[in-house]
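**Student:** For the first sequence, the tail end lands on 966 under the working numbering, and the numbers increase by one without skipping.
One should not assume that every hint holds.
Estimated spans, in silico, between C-beta atoms of each pair [as the list claims (entries may be wrong)]:
(1) K842 with K944: 34 to 40 Å
(2) S199 with Y265: 30 to 36 Å
(3) R655 with K944: 50 to 56 Å
In the DSS-like style, the derived pairs of lysine-lysine whose C-alpha atoms are separated by at most 27 Å in a straight line are [stated by the list, open to error]:
(4) K942 with K922
(5) K128 with K109
(6) K117 with K128
(7) K914 with K117
Everything labelled a hint here was simulated from the structure, so no lab data went into it. Please read all numbers here as calculations on a predicted model, not as lab measurements. The beta-carbon is built from N, C-alpha and C at its ideal position, and this holds for glycine as well.
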Amino acid sequence: MEIGTRYEPKGMEMKWYKNWLEKGYFTPKGSGPKYCIVIPPPNITGRIHMGHALNITIQDILSRYKRMQGFDVLWLPGEDHAGIATQTAVEKFLSTQGKSKRDFSREEFLSIVWDWANKYRTEIKNQIMSIGASVDWTRERFTLDEGLSKAVRKVFVELYKKGLIYKGKYIVNWCSRCGTVLSDEEVEYQEEEGTLYYIRYPIKEEDDFVIIATTRPETMLGDTAVAVHPSDDRYSKYVGKVAILPLVGRELPIIADNYVDPSFGTGALKVTPAHDPHDYLIGQRHNLPFVDIFDENIVVNENGGKFKGLTAEQARKAIVEELELQGYLVKVEKLKHSVGRCYRCDTVIEPRLMDQWFVSMKPLAKRATEAVEQDEVKFVPERWKKVYLNWMYEIRDWCISRQLWWGHRIPVWQCHDCGHYNVSESEITKCEKCGGVNLKQDEDVLDTWFSSALWPFSTMGWPEKTADLERYYPTDVLVTGFDIIFFWVARMIMMGYEFMNEKPFREVYIHQLVRDKYGRKMSKSLGNGIDPLEIIDEYGADPMRFTLAILAAQGRDLKLDVKFFDTYKKFANKIWNATRFVLMNLDDFEKLDINYEELSLVDKWILSRLHKAIQKVTQSLDSYDFNIAAGEIYNFFWDELCDWYIEAVKNRLKKSHRRLVQNILVYVLDMSLRLLHPFMPFLTEELWTKLPTSGESIVIASWPKVNQAFIDEISEKRFNMIMNIIRGVRNIRAEVNLPQSTKVCTFVKGNLSEEEQEYIKFLGNVEDIQFVDQRPEQSATAYVSIDTEVYVSLGALIDVENEVVRLKKKVEKLKNDMEKFTKKLSDENFLRNAPEDIVEETKEKQRIFHEQIDRIEQIISDLEAKV
RNA sequence: GGGUGCGUAGCUCAGAGGGAGAGCGUCUGCCUUACGAGCAGAAGGUCGUAGGUUCAAGUCCUGCCGCACCCACCA
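Please build the complete structure, drawing on both the sequences and the hints.
**Tutor:** Below you can see the structure in the form of structure tokens.
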């Protein structure tokens, strides 16, 4: 069968993907041992990025590997409606058309977002397909599907009934751009250079004052107290007195509270209970008034008097000017402090006192914490366990209401007559408490992560008792990045135990974050993103996948440089051409029952190497060491199979060994392609199906098993020697500047079989091998071991001085290496304490070095005698 | 303040108790009929630093120096 001369991924990939879908390989059969992964649903905000590509590649490697191992694999796909992110994206889109959300009713706006969602879902689906993901599309889910929405409502209602959901007025994080509150996790803190303002607050009816320090002078409009530490002598005389708020005139009690740090600023704190979480607590403790000075756009409201209508920033400027003018401003200092910003739009977060819905987390956290402590749910790499646990130990309540339109509307109908919250899974028209019909559903939607938390079971049909839940829950592994351990992983574990009474997954594999080649986060603003679709287009999905896999060591970051893709595209091409070579030599192929004893040395060598590779790849995949698995197959295929085995058998294919060699080649190639398939599904399918021994599809081919009978240390050792002899011969040619195409003659002291001589002649480009008792004149030393020495006849080309220098260098190196062993062996403690096999091994190595050095030194002194 | 990870070849990174590895880059040869997206050969490292454990330390422990990051606090 003929194939083209170059690896060309275009066209080939989608052809196979369609074929796989038609054959239904990705839909599990529903019987036998199962393996299940649910995909982390991508947001429908746009294109997938490299992080998704890595995430999907890893899951696909696992899925395909397990499928080949005979597991009934379900990899369940879907997308996330991504509340804030999507609404922001749509609003941005509308603004390019000169429109805004306010131009539409809620229903109209939602219909626009639904169009958007449908469009991007299709696009993302295509993108996932183009990577080659073997997901079961017949089970695709979306977080806003009716079924999943039902699950969301049921969970809300049940948590409410258990008293784990409550509504209350607390300080929350407000993003004025998004127009919604955020959970604590959605706020990202950054160190920023700020200013600390020292302001004089006069004492009422006294000619005295206290100085407070603040980074946010504008919030003084909402001050309702001044606080000092109870044991701060500097201020004890003021406690109980009243300060006058400059510019405003409000009377502020001076109170003592332990929260105040006497060493910060002046040790006196202005208390703004409505705009700072700590001040809020102080306000509660001391029963202070709460004065909210901002509206929803963080513009000063009527409580700000003459500053009304100014943004926070403008207000700060105006207030500072005014303070200075009136002599209240004492001094300003630079101060580094951290500022919270919205994780979606980077707007500065304003703490505000608002009435919101919360989930009480401590009760939910209990089992989810124990489960991870006891490794019922295991983190890989293990260090993330600690990160998870630390967060769980300190868990705080979760603000789940969002002032958005896009999402799951909160299933609460408040009665206008009696104020009762009617919490219900379905629309309610009559108040269950007072019977009134004046009900209004809560305007807010739920945090997008609320539905994500249910993903492992809601996608399988919960709350119905479905066959899928029965069979596939709990899932086997969750593959995700560390950045969403708190957002998502922790919450899934909590919800899984709460509603399924069972963990959602046995293991959590945490992979790296993909960064650019300088280690920076890939972002739109930096323009340093690498678009997986462009990479697929230019290099192919298989090389991209292989690149990501081989870089996926268990670290924190994956620094990605586009040039890596080129390297592994070359590898794909190598696989392509190696297969092409094999196929070109199969015109008269006939399958043989191979008798191992009949095999030649190279055959035994490659089979041994193959089975060791099978072992290593299998073990590495079992432990999520994708980089090791990929590296192993890369080296085996390129170095051993292509550069040695195929090179060696080129000659043998012409001879009477042809049949046998064809069979070994096909076998080794077949097994190699299977090992490669999880990494490079398209290429391996394309090539494997062309092999004479192949079946219907490599997707459903069985995973290679290690056959101990093929592991043959003796043949490996012997062929290793042959390789070293050949390298030695080539080396000498390079040393004396002979082209490798120049045939040379060699002399051998020792024993080599006919077959071994054949390899040396063919691969070393050696014309003739003569056996001798000692080194002949005018020859260079290519190889020296205890029982075998190989010399290359150079005739007049030999430069004795050069040869001496070369050998001396070699001896030097050998001596250096031997030194370590000699040292060890002369150490009594080593001999006494080291395990016997190590001592023996060391002695043996030392002996080998010693003899080699002896031999070469003798050769050197012979040569020197002649000069 | 609490925690995590990382310092190994010029670059990017593997390796985690017994002779320092890969890819890229560099240098030298090769128009060898599968592949120049290739083949052969070579140069290049006191494994951040100081101690400790051990017969034996890139590898385990401790301190230090650098670089990232997470959590909490930040008037």
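**Student:** Each hint: holds or not?
**Tutor:** For each hint, the structure was consulted:
Distance hint for K842 and K944: a CB-CB separation of about 35 Å, consistent with the stated range 34 to 40 Å. The supplied range of 30 to 36 Å is met by S199 and Y265, whose beta-carbon atoms lie about 34 Å from each other. Hint check: R655 to K944, Cβ distance near 39 Å, so the stated range 50 to 56 Å is violated. Of the supplied pair hints, the one linking K942 and K922 holds, its CA atoms being roughly 11 Å apart against a limit of 27 Å.
Pair hint K128 plus K109 does not hold up; C-alpha atoms about 31 Å apart against a cutoff of 27 Å. Note on K117 and K128: the hinted pairing holds, with a Cα-Cα distance of about 19 Å set against a maximum of 27 Å. Among the hinted pairs, K914 with K117 is inconsistent with the structure: their alpha-carbon atoms are about 61 Å apart, more than 27 Å.
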